Amino acid sequence: MDIGLLVKLSLGLVVTALGAWLIAVLLGLSANSVEAVIVLRTLLTLPVVLLMTRVLVRRAYDSPRLLRTIVAAALVSYALWLPAWGGHGLIGQLLVDHSGAAYVVDLIIWVGAVLVAARSVEARPSRRHLQPYQAA
Amino acid sequence: MAIAMRRRSERGAATVETTGVVIIAALLVGSLLLAVTPQARIMGETVSYWICQVVTVGQGGCTPPSKAPDTHKPTEPCVTGQRAVERNEKVSVIVVTMEDGQRIELSRMSNGEYRVTVTDTEGVGLETGAGAGVTVTVADKKIGAEATMGAGASLNLEAGDVYYTDSAGLSDLMSALTHDQVKDMVVGESGPIRWVVDEASKRTGIGKQMPEPDETYGKGGISLNAGAVASAGPVNASAGIDGAVSLGSSKNRDGSRTAYVQSTVKGEAGLQSLGFDTEGDPEFQGLDLSGEVDVVNAVTFDSSGNMVNMEASVAMSGTASGVAAALFKEGLDPSLGNSASGATVYKANLAINSQADKDVVNNYLLSMGLATVDSYVNPERTVNAQLNFFNAVSDRGQMTKVHYDIESSTPLAVDASLELGIELGVSSSVTTDSMSVDDAQYWDGAEWVVWEECAA
Numbered sequence: 001m002d003i004g005l006l007v008k009l010s011l012g013l014v015v016t017a018l019g020a021w022l023i024a025v026l027l028g029l030s031a032n033s034v035e036a037v038i039v040l041r042t043l044l045t046l047p048v049v050l051l052m053t054r055v056l057v058r059r060a061y062d063s064p065r066l067l068r069t070i071v072a073a074a075l076v077s078y079a080l081w082l083p084a085w086g087g088h089g090l091i092g093q094l095l096v097d098h099s100g101a102a103y104v105v106d107l108i109i110w111v112g113a114v115l116v117a118a119r120s121v122e123a124r125p126s127r128r129h130l131q132p133y134q135a136a
Numbered sequence: 001m002a003i004a005m006r007r008r009s010e011r012g013a014a015t016v017e018t019t020g021v022v023i024i025a026a027l028l029v030g031s032l033l034l035a036v037t038p039q040a041r042i043m044g045e046t047v048s049y050w051i052c053q054v055v056t057v058g059q060g061g062c063t064p065p066s067k068a069p070d071t072h073k074p075t076e077p078c079v080t081g082q083r084a085v086e087r088n089e090k091v092s093v094i095v096v097t098m099e100d101g102q103r104i105e106l107s108r109m110s111n112g113e114y115r116v117t118v119t120d121t122e123g124v125g126l127e128t129g130a131g132a133g134v135t136v137t138v139a140d141k142k143i144g145a146e147a148t149m150g151a152g153a154s155l156n157l158e159a160g161d162v163y164y165t166d167s168a169g170l171s172d173l174m175s176a177l178t179h180d181q182v183k184d185m186v187v188g189e190s191g192p193i194r195w196v197v198d199e200a201s202k203r204t205g206i207g208k209q210m211p212e213p214d215e216t217y218g219k220g221g222i223s224l225n226a227g228a229v230a231s232a233g234p235v236n237a238s239a240g241i242d243g244a245v246s247l248g249s250s251k252n253r254d255g256s257r258t259a260y261v262q263s264t265v266k267g268e269a270g271l272q273s274l275g276f277d278t279e280g281d282p283e284f285q286g287l288d289l290s291g292e293v294d295v296v297n298a299v300t301f302d303s304s305g306n307m308v309n310m311e312a313s314v315a316m317s318g319t320a321s322g323v324a325a326a327l328f329k330e331g332l333d334p335s336l337g338n339s340a341s342g343a344t345v346y347k348a349n350l351a352i353n354s355q356a357d358k359d360v361v362n363n364y365l366l367s368m369g370l371a372t373v374d375s376y377v378n379p380e381r382t383v384n385a386q387l388n389f390f391n392a393v394s395d396r397g398q399m400t401k402v403h404y405d406i407e408s409s410t411p412l413a414v415d416a417s418l419e420l421g422i423e424l425g426v427s428s429s430v431t432t433d434s435m436s437v438d439d440a441q442y443w444d445g446a447e448w449v450v451w452e453e454c455a456a
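Protein sequences appear in the order of chains Y and L. Note that the numbering used here gives residue 63 to position 63 of the first sequence, counting from 1, and the numbers run on in steps of one. Note that the numbering used here gives residue 421 to position 421 of the second sequence, counting from 1, and the numbers run on in steps of one.
Bear in mind the hints are in silico, worked out from the structure with no lab data behind them. Hints are not guaranteed to be accurate.
Computed footprint of chain L on chain Y; a stretch qualifies when at least three of its residues, placed anywhere within it, have a C-beta under 8 Å from a C-beta of chain L [as the list claims (entries may be wrong)]:
no.	segment
1	18-31
2	37-46
3	71-80
None of the values given here were measured: they were computed from a predicted structure. Think of the CB as a built atom: it goes at the ideal place given N, C-alpha and C, for glycine as much as any other residue.
Make the full structure from the sequences, and use the hints.
Here you go:
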């Protein structure tokens, strides 16, 4: 497993997604609507998750362990993402009333978004296939 | 080992018995408070008359009720109108029903102020089905034959904040409350992320911030319920009882503290027999009552811990017919077609200015079972202590009676799951209730007179 990518992707997702989520909640508060805040935080957070994943995966080297690393990073980042703890992360709260169920729904959406973003971009070729001038 | 097992099996029994005793004592307060009014005396006589008629199937020599006959101005403001929005979320998990509800109550006071009460309720109730063997014993007697078949008990915890504001500040307060409610729903009521959102909101100036509450209160208690039905020939009597007792305390605006016991009894009671109207036609007569009685006994202590005030409140709400309709309107027509609904709040307030007042209040509290360890209450002492208290109130205290019209509706029902096409059996709804003063009176030492400030 690429520990460097795991740490970078996990922390990158946690920090940027938290920022987007916080901005969305603050903007949504003025609407005085629970549904509006939930939809807005989902619409702002998911693109950030997609973008951050694409940027970091594009810089990573391709290897058979890359997929495992990305899945692990998705799980670790979701576990560290504060809003998710109470089931207040994404749109799950609007789909199910129970916070535990909302946590699971948001987890599926989060991991799915990370995987879709990772699949949509090509990682750099493996170091073994690099030319000497490229490796340098 | 056997002793330990027996102790374990009896755990909680004393609590339920004590609860029953306190509820009975509270009901006695209600009846005594009613009994000091001329109208109530006639009503009591009329109820006795109809009980006599039922027992003797109309053949006994029952004494008919007598004809109705026809300095203590309250200083406290009264509630002239109230509007509440309640949002309940209920999640059912097979056996245990968990309820999570929050209530915001906006009251308009007669002195022009607004009172906003925000209540959080968290309760976990465990109900047992028929044949589960739960027995409710009140004063050494089981309540009816069905009591053991459908009884349940639940614990209720409640806490709340009270805010006072004038009409100019109401908009800001309600706006802050709404923002707080939205935050509760989308961020959670506490925890690190709530702290982050609150701080960010404060620093950016986005959203209204909640002010410090003027008063806070919290209470916890136990509730019980039981039902009984009996039927014989043309006479039918039924009663469904659901009672709850809770202890609470509040911190008031002037720095004083109030400790209170709230007893709630709700359900249905009926006593009917076949009789004849004034034109000789047969009709069902008697009384029928469906609703809720709340009794709150509150003792206020100053900052030095001295007892300074005692207030007993009885709030009755629901629908009554026959003789019982006199609870909500004038007249004692026994016909079951005579019905009335609404809410009536009686308050008896005694400022404690002397040792005699203190003794009266102490005895009253003892009679309510609040200062005794066991559940035994001497009926004679109870009645005497409560009568002494109400006599003291009618002599040198304040007593008020306010009747409210209540409207309840469900203008908005939201099923989030259905809206998204996924039926998972969960739903949330918003209901509103409103009430306004219909009639307000106070006891001037000799009779009830119109309380103009409150009735306006």
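- Query: Count the residues of the segment 18-31 of chain Y with a beta-carbon closer than 8 Å to any beta-carbon of chain L: does the count reach three?
  - Reply: holds (count 7)
- Item | Three-residue Cβ test at 8 Å for the coverage of the segment 37-46 of chain Y by chain L | holds (count 3)
- Query: At a Cβ distance under 8 Å, does chain L reach at least three residues of the segment 71-80 of chain Y?
  - Reply: As far as the segment 71-80 of chain Y goes, the hint is violated, because 0 residues have Cβ atoms under 8 Å from chain L.
Of the numbered hints listed earlier, the single one contradicted by the structure is hint 3.
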